[in-house]
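**Student:** Please work from the sequences and hints to get the whole structure.
Protein chains in written order, with my numbering: chain A, -15 to 341; chain B, 613 to 908; chain C, 67 to 329.
I should point out that these hints are in silico values taken from the structure, not numbers from a laboratory. Keep in mind that the hints are not guaranteed to be accurate.
Said to hold, decoys possible - When the alpha-carbon atoms are kept at most 35 Å apart in a straight line, the in silico DSBU-like pairs for lysine-lysine are as follows:
1) Lys276/A with Lys157/C
2) Lys157/C with Lys720/B
3) Lys157/C with Lys92/A
Unchecked claim - Derived coverage of chain C by chain B (criterion: at least 3 residues anywhere in the stretch with Cβ under 8 Å from a Cβ of chain B; other residues may be distant):
4) 123 to 133
5) 222 to 229
Just so you know, these numbers come straight off a predicted model, no measurement behind them. From the three backbone atoms N, C-alpha and C, an ideal C-beta is built for every residue, glycine too.
The residues making up each chain are set out below.
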Amino acid sequence: MTTGIRFDGVSVAYGGDVVLDSLDLTVEPGEVMALLGPSGSGKTTALRAVAGFVRPVSGRVFIGDRDVTDLPPHRRGVGMVVQQYALFPHMRVDANVAFGLKARRAPKDGIAARVAEALEMTGMSAYARRYPRELSGGQQQRVAIARALAVRPGVLLLDEPLSALDARLRSDMLAELARLHRDLPDVSMLYVTHDQMEALTLADRIALMDRSRLQDCGTPQDLYRRPRTEFTASFVGTANLLPVTVTGDGVRFAGAVLDVPAGTAAPGAPATLCVRPHAIGLGEGPNALRGKVTEAQWRGATHRLCVDVAGHRVTADVGEPHGTPPLGTEVTLHFAARDAVLLPAAAAGAGGGAAHG
Amino acid sequence: MADVRLPFPRVAAPARPRRFPGWVLVLPPVAALGVVFLHPLALVLWQSVSPDGGGHSFAAYGEVFAQAAFRDALRNTVLIAAGATAGSLALGFALALVIAFVPLPGGKALARFIDVFLSFPSFLITLALLFVYGTAGIANGLWTGTTGAAAGPFDFLHTPWGVLLAEITYFTPFVMRPLLAAFAQIDPAQLDVAASLGARVPRIVRQVILPEALPSLAAGGSLVLVMCLNEFGIVLFTGAKGVTTLPVLVYGKAILDGDYTGACVVAVVDIALSLALYGLYRTLTHRLDGARRARA
Amino acid sequence: MLVHSRRARRAVHAVFLALFLPVFALPFLVVAAASLATRWSGILPAGVTLDHYRAATGGDAIDALTTSLLTALAASALALVTGTWAALAAKGSRARRVVGLLFMLPVAVPSVVVGLSLLVAFSRPPLLLNGTSTIVVLAHAVLVTSFAHQAVSAALDRLDPAYEQAAASLGAGPVRVLLRVRLPLLLPSLSAAAGLCFALSMGELSATIMLYPPDWVPLPVKVFAATDRGALFSGAALAVVLMVTTFLVLLAVSRIRTRAVHR
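**Tutor:** Have a look at this one:
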């Protein structure tokens, strides 16, 4: 059983506010798609449109090849896990997990086995007779996942499932979710998060949302290494975004010419150069930038240096073994041409052009 | 993009169109309310303009308005209600303040006690007061016992003051409950900070607590005002012939005199008065809700 | 804490008790003490007797208690069903404000007038209810429905929609969501509302006194009749029976509620 999700020009508006603007996106069967974006970017609205809790003003939502746009939530056959777990407090763990099976009138003798299986899968078998309030946050979230999986949905919707957990538990659960995805290769997952780490770790592809629109979509590596817009570059990982001018054989930044493949950009055009902090080294090298250290943070394995280069702030994560350079020191930074990406200059603060996945 | 298109499992039922809109479900309870409450109320209005002789006129209104008993009742009702409300507000504020901010052992139990108190009928208070201040009650008994006088000095139960005392006693908890809820919203750290900045208790109460409690005071006060206007049991139990309020007049005209039209006229005036005040109460609680939501 | 010095706190507490005890505790004590006495014209009641209780737990009085209990049960059930239904049906619908307003109206209308209106409406065909117990139950139901409706709709507003949505996403239709999720989650509020309705109905006098037929005399009317003819002490005993019964029922209801919450 494999089922994907397809958004076909889906727009959602509350009152006059458009909170999701003509979303076109396909989640392939068995794929984990992360909807990543800041709060208010429309990512949760997109998920709720699949679950059936918001009704699009235009466009269609498909689950598999079924147009579910007009179906009430209980006829859509999705599994859903939300941030606050929403376990039924008046039911024991096993009754919570059995709820969906009973609602779908699964044969009675099969229910117990399916409940046991779902609890086994999430490592909660020992807690079947507990009430939700007797469980920790992480355990409750496991039960919520078991409850969603027990009905064997083709599609699993996860709405910020880890954000109520503390950092340590979050990384454990993240590994757990990755394992579940390996165990259930046929289940498509739509995973809403504002945390890029979660998206990078878990997702096969990331759909990047901002201001009610899909901004970019691609594999994590693709978005991280080859971002297409400033928004993507700054939201997926951290990035130095330097205003440059394209020249014949590179770009000009703060008076210096940098050797960066300019691609198809026309000479003389303004552009933005994206370099990841960890790709910048300290000392002489190709594409050298000189400036004064304005800030230095020791972060254990690395130092984070903020260097003022001709009025632009450049951040570098360097593994300097000889202690932090004192503030005000003149330093030279460098980076390899292949670590830099040239982006179209952002149009007056807008998040860049939309791209489709 | 190539979707693997397989029929969706398990949930095979097609979308069933809804047979009726959701609001239709509201109709049965509303209809029930209409039959046993709204329609009878309308009949009262109708009866008040339908004299026994037949036809329709406002003559009954003129007649009732001309009666001194009616004007007395109206004045009594309004004055007692206003006084009882003011008294309940003052007493309720003071008591709630102590329970909330100067915790005393058993404070929780006190709060529970208030809840129980609210669910007892009002006439119990009058009954108790009869034993305390009645002609043969504790207070007068003590007086005659110690002074040897023939009668005690306490003889206010059958006056508006007796009703006022009973109503203040009975309605104070109705003020305290919303106040305690509002006080629970105040972060104790605010009071500590205010005190550490050198504010004395009266200033803290005036500038920190009172503004926070004002909406609840207003809402509780207007609720109590409405309930005082409508109070019947307390007045009935004092057996005070001198204290007639509008509800007592309705009862007297309808049950004792059998004058339904007159009773309906008084009832209409009473309803108008109560509804006007109740509208005020709703407006205040609505504002309160709005303010709370705006802060949240 | 507002008052920090121990002495000041004591003073505040003393004033508090001086106000609180006579105003709120005294009435109960006085009524309870009087119910055991035959005379009271000193600091303490005199002529201790259980006669009033013997009277209050037999014959007429026990009938009145039964009448009150039955009336309160029936009225609370009616009010709870109507109020809950209205609150559930109006939730999320545009009719919500109107329904809320309609169901709050009985609080604003004087109880005596509610009694009068029922008398006017049901003393003529097609529904001739005057002189029956039904009209008393209806009056009580009208008077307490507001409280039931208000309690349930407030609880509904507080209910996290995530539960219903989780249930729906698991495939539960509206009826199953109502029966298995919403109502169980509302149970604590429903039982609290039931307790309140019951207590209010037990003590209702204003509308009852306009309506009660001779064969359906609830306890408050009995208390009034006793005090009205000067039998204050037996009235007090009846009042104590009324209070204790109400309190016991409230206690039982709150037991159910605690169990529902702690499950």
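**Student:** Can you list which hints this structure breaks, lowest number first?
**Tutor:** Hint check: 1, 4 and 5 fail, others pass.
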